[in-house]
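**Q** Sequence:
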Amino acid sequence: AMNTRVRLLPVLVLVTLAGTAEGFFSLGQLPSGAMAARGYRAMRLGTANRAMPGGGRMSRGIAGALIMEGDSDLSSDPFAASKKRAQTINFAFIAACVPGIMPYQEAVESFVSTTIECLDKGVSLGALDLTMSQTQSTGNATIDQQMGFSQGRQFAAEEVALRRQWIVFVYAAALAVGSHAPEFSSAGDLASLSYVRNIFNNFWNKGQRDVKSINMEMTFMTAESNLAVKDPAEKAMLSQALRFALAAFHQLSAK
1 AMNTRVRLLP VLVLVTLAGT AEGFFSLGQL PSGAMAARGY RAMRLGTANR AMPGGGRMSR
61 GIAGALIMEG DSDLSSDPFA ASKKRAQTIN FAFIAACVPG IMPYQEAVES FVSTTIECLD
121 KGVSLGALDL TMSQTQSTGN ATIDQQMGFS QGRQFAAEEV ALRRQWIVFV YAAALAVGSH
181 APEFSSAGDL ASLSYVRNIF NNFWNKGQRD VKSINMEMTF MTAESNLAVK DPAEKAMLSQ
241 ALRFALAAFH QLSAK
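Following our numbering, the numbering of the sequence shown begins with 1 at its first residue and continues without gaps.
In case anyone wonders, no lab produced these hints; they're calculated from the structure. Errors might be hidden in some of the hints.
Beta-carbon label-pair distances, calculated as ranges [said to hold, decoys possible]:
(1) E217 - A187: 36 to 44 Å
(2) S179 - D129: 19 to 27 Å
(3) N201 - G152: 41 to 49 Å
(4) Q134 - L190: 19 to 27 Å
(5) E183 - K255: 31 to 39 Å
(6) A254 - S213: 18 to 26 Å
(7) S113 - Q154: 33 to 41 Å
(8) K212 - S253: 18 to 26 Å
(9) L130 - N215: 30 to 38 Å
(10) N215 - A127: 42 to 50 Å
(11) A157 - A127: 17 to 25 Å
(12) H180 - Q105: 19 to 27 Å
(13) K206 - G152: 45 to 53 Å
In the BS3-like style, the derived pairs of lysine-lysine whose C-alpha atoms are separated by at most 25 Å in a straight line are [claimed, not checked]:
(14) K121 - K206
(15) K83 - K206
(16) K121 - K83
(17) K255 - K206
(18) K84 - K255
(19) K84 - K121
For glycine and all other residues, C-beta sits at the position ideal for the given N, C-alpha and C.
Kindly generate the complete structure, drawing on both the sequences and the hints.
**A** Encoded structure:
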């Protein structure tokens with residue numbers, strides 16, 4: 001059975017794209033990025049063949065849909081809508097980290113769309129941080145039981161950091177697109193903003209919107225320098241970061 005204390009993906013290692021005259025690139029790392037490769041392997045590879053309690057892998061029919069509880073309480077509880085959005089983000093986060101819950105890209109799209117909903121409601125990063133810290137569940141009884149949240153499990157620090165990084169990508173994309181004007185203050189958040197802005201300016205705005213082709217161009221531009229990323233797990237995580245940025249651009253541009 002899956003260990004319900006299993007840690008999700010640790011903090012993502014980023015390629016921060018600091019613009020030059022040509023728009024390319026210098027590499028950087030966000031805080032705590034050193035443990036990313038180890039954690040990536042442990043989660044993406046280690047859980048791929050684990051069985052869920054009750055036998056077999058997670059049933060997509062049971063866990064694949066974002067089935068949230070407590071809809072009838074939204075009108076009576078002024079904080080219920082905020083909690084529900086936080087739970088949906090948690091569910092999508094877990095689905096993107098643990099194989100078998102739903103297709104990866106669907107989990108990314110759900111995470112991005114719910115985070116954009118927070119932006120639409122005027123929720124600042126700080127306010128969303130607070131709501132997420134107070135929401136240790138997914139709103140899906142099956143997943144909460146299987147992942148240990150029903151038994152009091154809380155998101156670990158590295159899980160919180162990675163989840164927040166994905167949220168920051170979406171908020172940064174909104175600023176790059178011009179649909180919203182979230183504020184950024186920390187060095188890490190500003191590094192993420194630089195990354196997202198450069199993806200937007202150097203690829204998205206030029207009609208280049210395919211993850212594979214952008215990854216290839218970025219690899220080519222850094223192949224002959226000391227900026228090249230060689231670790232396979234790190235490369236996979238950089239591709240993941242790019243997917244979140246592109247998904248956010250697409251959804252925000254379609255609004």
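**Q** Take the hints in turn and mark each one as holding or not.
**A** Consistency of the hints with the structure:
no., hint, result
1, E217 - A187: 36 to 44 Å, "violated (27 Å)"
2, S179 - D129: 19 to 27 Å, "holds (21 Å)"
3, N201 - G152: 41 to 49 Å, "holds (45 Å)"
4, Q134 - L190: 19 to 27 Å, "holds (26 Å)"
5, E183 - K255: 31 to 39 Å, "violated (20 Å)"
6, A254 - S213: 18 to 26 Å, "holds (21 Å)"
7, S113 - Q154: 33 to 41 Å, "violated (25 Å)"
8, K212 - S253: 18 to 26 Å, "holds (20 Å)"
9, L130 - N215: 30 to 38 Å, "holds (35 Å)"
10, N215 - A127: 42 to 50 Å, "violated (34 Å)"
11, A157 - A127: 17 to 25 Å, "holds (20 Å)"
12, H180 - Q105: 19 to 27 Å, "holds (23 Å)"
13, K206 - G152: 45 to 53 Å, "holds (49 Å)"
14, K121 - K206, "violated (30 Å)"
15, K83 - K206, "violated (38 Å)"
16, K121 - K83, "holds (13 Å)"
17, K255 - K206, "holds (20 Å)"
18, K84 - K255, "holds (22 Å)"
19, K84 - K121, "holds (13 Å)"
Consistency with the previously given hints fails for numbers 1, 5, 7, 10, 14 and 15, ordered from lowest to highest.
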